[in-house]
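Just so you know, we're using UniProt numbering here: the sequence shown kicks off at 1 and counts up by one.
Hints were generated in silico from the structure; no laboratory data involved. Where hints are given, some of them may not hold.
[Stated by the list, open to error] No farther apart than 30 angstroms at their CA atoms in a straight line, the calculated lysine-lysine pairs in the BS3-like style are these:
| id | residue 1 | residue 2 |
| --- | --- | --- |
| 1 | 179 | 320 |
| 2 | 126 | 322 |
| 3 | 126 | 388 |
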Amino acid sequence: MEESKTKQCSTCKKIHEIANFIGVKGNETKTCKLCREQNKKNDANRDKTHRNAVARKNDAKPERKLVKKTWNENNYEKVALKSMNYRQRKIAKVGITEYLKQNAEMAKKWRENNQDKMIQANENKKTDKNQNYNIYKRTANLKQLDFSISFEEYVLLTEKECYYCNMIQQIGFNGIDRKEQTLGYELNNCVSCCKMCNYIKGSLSEQTFLKRITHILSHNNIVCGKFYPNSFSNHKKTSYNGYKSRANKKQIDFEINETEFHNIISNPCYLCGKKNSETHSNGIDRIDNSIGYIISNLQTCCGECNYMKKDYNIDDFMNKLKMIYDNKKMDISIENETCENIIGRSNKKSKIQIAEEREFRKQNQQNKLIDKYNDEEYKKMRALELAKNRE
1 MEESKTKQCS TCKKIHEIAN FIGVKGNETK TCKLCREQNK KNDANRDKTH
51 RNAVARKNDA KPERKLVKKT WNENNYEKVA LKSMNYRQRK IAKVGITEYL
101 KQNAEMAKKW RENNQDKMIQ ANENKKTDKN QNYNIYKRTA NLKQLDFSIS
151 FEEYVLLTEK ECYYCNMIQQ IGFNGIDRKE QTLGYELNNC VSCCKMCNYI
201 KGSLSEQTFL KRITHILSHN NIVCGKFYPN SFSNHKKTSY NGYKSRANKK
251 QIDFEINETE FHNIISNPCY LCGKKNSETH SNGIDRIDNS IGYIISNLQT
301 CCGECNYMKK DYNIDDFMNK LKMIYDNKKM DISIENETCE NIIGRSNKKS
351 KIQIAEEREF RKQNQQNKLI DKYNDEEYKK MRALELAKNR E
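Let the hints inform the model, and build the full structure from the sequences given.
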């Protein structure tokens with residue numbers, strides 16, 4: 001009889017030609033070639049899993065951790081190079097977009113699990129002059145303003161006392177204020193300015209700012225000065241429902257009825273004395289911004305004074321105005337009294353412009369990242385630099 005030229009595999013139960021059942025030593029096997037190869041892989045994986053389990057157990061031992069930590073410290077150049085090579089392979093494998101996405105997800109998880117460190121990092125940013133300087137540069141670009149101040153000039157400027165109140169912030173330096181908001185960040189237009197003075201001044205010119213301060217303090221009998229009513233611009237009326245809706249959005253208590261609301265806004269502004277007219281309507285200020293719209297916490301307030309006071313406590317606000325007045329009262333010009341709005345006209349870029357520039361920066365950064373990790377010479381130099389920084 002003629003021998004069969006096919007055979008059934010004992011593993012996959014499929015029928016194959018007899019040639020698939022010849023082993024490496026030439027003997028006939030029960031399993032086909034494909035199943036034998038798969039079995040080899042499975043055996044290798046079983047061994048690898050076992051080896052990894054043993055390795056993890058050994059790596060968890062304190063003495064092993066100490067050895068690895070010591071080696072890493074003594075060979076940080078190799079560690080850094082290994083890390084950069086891993087990033088290069090990861091980018092090549094998943095693509096730059098997915099790589100950055102995964103990094104962002106890991107960074108988010110780290111922030112969620114290390115909130116104390118994030119709070120400290122944010123505090124450190126506030127005291128970092130380099131980061132603050134770069135924020136001003138980005139702001140100038142966003143508002144399409146000239147920025148010609150060097151970092152050295154920025155440091156010298158912000159380490160001076162506040163131009164308006166003569167104070168230096170607890171962090172050891174102030175911010176920058178543009179005396180004339182129509183001009184850019186030019187050295188002859190910029191002065192040292194603390195955070196509170198910067199917020200209160202807003203986009204006002206220096207003269208309008210100082211005149212308002214003198215007027216408010218005079219109206220409240222804190223100083224015996226002049227009045228500059230034309231320094232406060234007019235505002236349109238905000239409805240009862242407008243206030244109520246905004247309070248609800250901010251989850252602020254709103255416990256006044258419409259009659260009480262109209263009774264309050266019918267009075268003159270409690271800070272500057274501005275009255276309602278055909279072209280102007282007063283609004284409401286919460287004396288203590290930690291409390292909601294409760295009748296005992298409300299005062300009549302014009303829009304300009306409301307913007308100036310912001311969320312500050314009324315005593316802190318008035319004390320700051322007095323400090324500015326005492327420091328700058330001799331600088332007030334009696335000429336050219338103009339009416340300005342504290343929220344100036346913005347030359348800010350459009351949303352489309354901002355989006356386009358953001359996309360361009362994103363693409364540029366991605367290309368630089370790819371080039372950086374593909375540059376062997378750069379990686380060696382960077383690894384050496386990182387190692388030296390740890391010495």
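Okay, the hints, checked on the actual structure:
The suggested pairing of residue 179 with residue 320 holds, with an alpha-carbon distance near 18 angstroms, which does not exceed 30 angstroms. Among the hinted pairs, residue 126 with residue 322 is consistent with the structure: their alpha-carbon atoms are about 27 angstroms apart, no more than 30 angstroms. Among the hinted pairs, residue 126 with residue 388 is consistent with the structure: their alpha-carbon atoms are about 28 angstroms apart, no more than 30 angstroms.
Comparing the model with each numbered hint stated earlier shows that all of them hold.
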